[in-house]
Amino acid sequence: MAFERVCGLSEIPENGALRVELADLDVAVVRYEGEVYALQDLCSHAEVPLSEGDVETLDGAPTIECWLHGSCFDLRTGEPTNLPATEPVDVYPVRLEGEDVLVDTELDGRLPLASGN
1 MAFERVCGLS EIPENGALRV ELADLDVAVV RYEGEVYALQ DLCSHAEVPL SEGDVETLDG
61 APTIECWLHG SCFDLRTGEP TNLPATEPVD VYPVRLEGED VLVDTELDGR LPLASGN
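Be aware that the sequence shown starts at 1, since it is given in UniProt numbering, and climbs by one per residue.
Hints are computed from structural coordinates only; laboratory data are not their basis.
Check each hint, because a few of them may be wrong.
Label-pair distances were calculated between CB atoms; the ranges are [to be verified]:
no.: 1; residue 1: 67; residue 2: 14; range: 10 to 20 Å
no.: 2; residue 1: 23; residue 2: 59; range: 27 to 37 Å
no.: 3; residue 1: 13; residue 2: 81; range: 17 to 27 Å
Where a beta carbon is used, it is the ideal one built from N, C-alpha and C, also for glycine.
Turn these sequences into a full structure, and let the hints steer you where they fit.
Dropping the structure here:
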């Protein structure tokens, strides 16, 4: 694993998202109910930034909603929880070191639900 610092914890709004532009991709770093998540900042349906959407619980899952068409994605797995999106987005492991938020974007694909943050 290759974790890199992407932001400070205080930069992420509580129950919100922050867009972080890395060399190869853009990541949405999300803070929700005390947890921090990282996922690809691109809706798999409409290719717009997910970081501009609302963060909420939908059917028991922490999600981020695409502002354009309303698709929601599970923050833990990247799986869409409603239409029109049918394809998941990549999620990345997150580690906190004090105030620093570190993300490993080298892991490609979906994290298993049980892995947590």
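Hint check:
A hinted range of 10 to 20 Å for the beta carbons of residue 67 and residue 14 is consistent with their spacing of about 19 Å. At roughly 35 Å, the beta carbons of residue 23 and residue 59 sit within the given window of 27 to 37 Å. The given range of 17 to 27 Å is respected by residue 13 and residue 81, whose C-beta atoms sit roughly 22 Å from each other.
The structure is consistent with each of the numbered hints, conforming to all of them.
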